[in-house]
Amino acid sequence: MEYKDYYGVLDVKKDATQAEIKSAYRKLARQYHPDLNKDEGAEDKFKEIGEAHEILKDPEKRAAYDQLGSGYQPGQDFTPPPNWDAGFEYSGGSPDMGAAGARDSTAYSEFFEDLFGQAMREKRAQQAQFHTKGQDHHAKILVDLDDVFTGAKRAIQLQVPKVTADGHVITEQRTLNVNIPKGLRAGQHIRLKGQGTPGLGKGEAGDLYLEVSFKPHPHYRAQGHDLYLDLPVAPWEAALGGKVKAPTPGGSVDVTIPANSSGGKKMRLKGRGIPGKTPGDLYITLQISLPPASDDKAKKLYEKMAEELAFNPRAKLGV
Amino acid sequence: MPDRKQPAALGDLVTTKPELTLAELCQSCNLSKELITTYVEEGIVEPQGLDKTQWRFSRIALIEVRRACRLERDLGLNAAGVALALRLMDEIEELKRQLVHYERPGIGDDL
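Going line by line, the protein sequences match chains L and V. If you're matching positions, the first sequence starts at 50 in our numbering and goes up one per residue. If you're matching positions, the second sequence starts at 162 in our numbering and goes up one per residue.
Possibly wrong hints are sitting among the right ones.
Short, incomplete list of chain L residues facing chain V, as computed with Cβ under 7 angstroms [to be verified]:
id, residue
1, Ala-78
2, Arg-79
3, Asp-84
4, Lys-202
5, Ile-205
6, Asn-228
7, His-238
8, Ile-239
9, Leu-241
Hints listed in this document are in silico derivations from the structure and should not be mistaken for laboratory results. Just so you know, even glycine gets a beta-carbon here, dropped at the ideal spot from N, CA and C.
With the rest of the complex left out, here is chain L (with noise of 0.2 angstroms):
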């Protein structure tokens, strides 16, 4: 496994004081916190913080951890020695982890799982005997714009955390066929009941919940309820107004261009975003695109244009 660096990921030294190791943590916790920072990779690196902080905000691990030595390099291989966390006495557990918001174990790196992942693990299992309903579960699913149009039924791969019986985490792939309902927006959730972690004795399962992102479309951003498209229109489409073919996810619609529209004209077509009691709008930008002087036929053109329209694109700018 990997050697992890925990005063490097807090950006601490390694003399810090409790209370720096803290406000390192808070900080960087503040920044990178995925309820905060929707940005892909704020949550991997969010769980390295909090992982580095376990260990390091603890002073009986932060012993521990510092007596493997610091001779390693971040991302080094490493294999602790036999017996190391031997006369180290722990008190138990963390009052953090396993209550309420319960973080799945994947959370944890491989070299957090196997030095510390254990004692932990007792200290979850003994507290989950008080319960008799399952846990929730949570996950995030992309899911396709154009779905959320007609409705759809889609089979959905998650990667599920399973503790093996040698106590090592492995990943277990579970495939289930969701529902998804017409209108849907990004930020939804989607409950699947008795999908989360049995109940004990005769409790109910848990949940899951599913967190619904779009999946990047290649004609289509969505905010809120509403589309948004870039359409390329020629230049004479642009000048001269008309009708133009525009996409939409529910099918293609005719669009009035106004005469004299400039490149990033916006247009809105009311109701044509993503359906509901109250349709979002489908928001154009217009683009103009233009033909290649390719052939000489274009150039013709395009050299007629020059001689006979008294244009300066540049007047504004004085030159």
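Chain L is already provided as a structure; the job is to place chain V on it using the hints.
Showing chain V alone in chain L's frame:
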């Protein structure tokens, strides 16, 4: 692991329908009644019903309570701080939404 034989397609949209009692919400989130009550007092979640015994929460509230609890735990906030953070996050979302209308050249001429 539960029996995961797949029936037809599963899944319902999570809505604002009020369906969970305070006790059910507490159990689902593994949180105390006191904490949820504080969240209600801070306006982080708004149940229907006049008093605690009649409160009904939606499943969107369930997701929001979990988010509030994550923020509280991970950032070391109190409930008032969480309420403020959530309000600012909503405001940023709204501003980002509006920004889409302005971020390209030549806009504003024809909406």
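Verification of the hints:
no., hint, result
1, Ala-78, "5 angstroms, holds"
2, Arg-79, "6 angstroms, holds"
3, Asp-84, "6 angstroms, holds"
4, Lys-202, "4 angstroms, holds"
5, Ile-205, "9 angstroms, violated"
6, Asn-228, "4 angstroms, holds"
7, His-238, "4 angstroms, holds"
8, Ile-239, "4 angstroms, holds"
9, Leu-241, "5 angstroms, holds"
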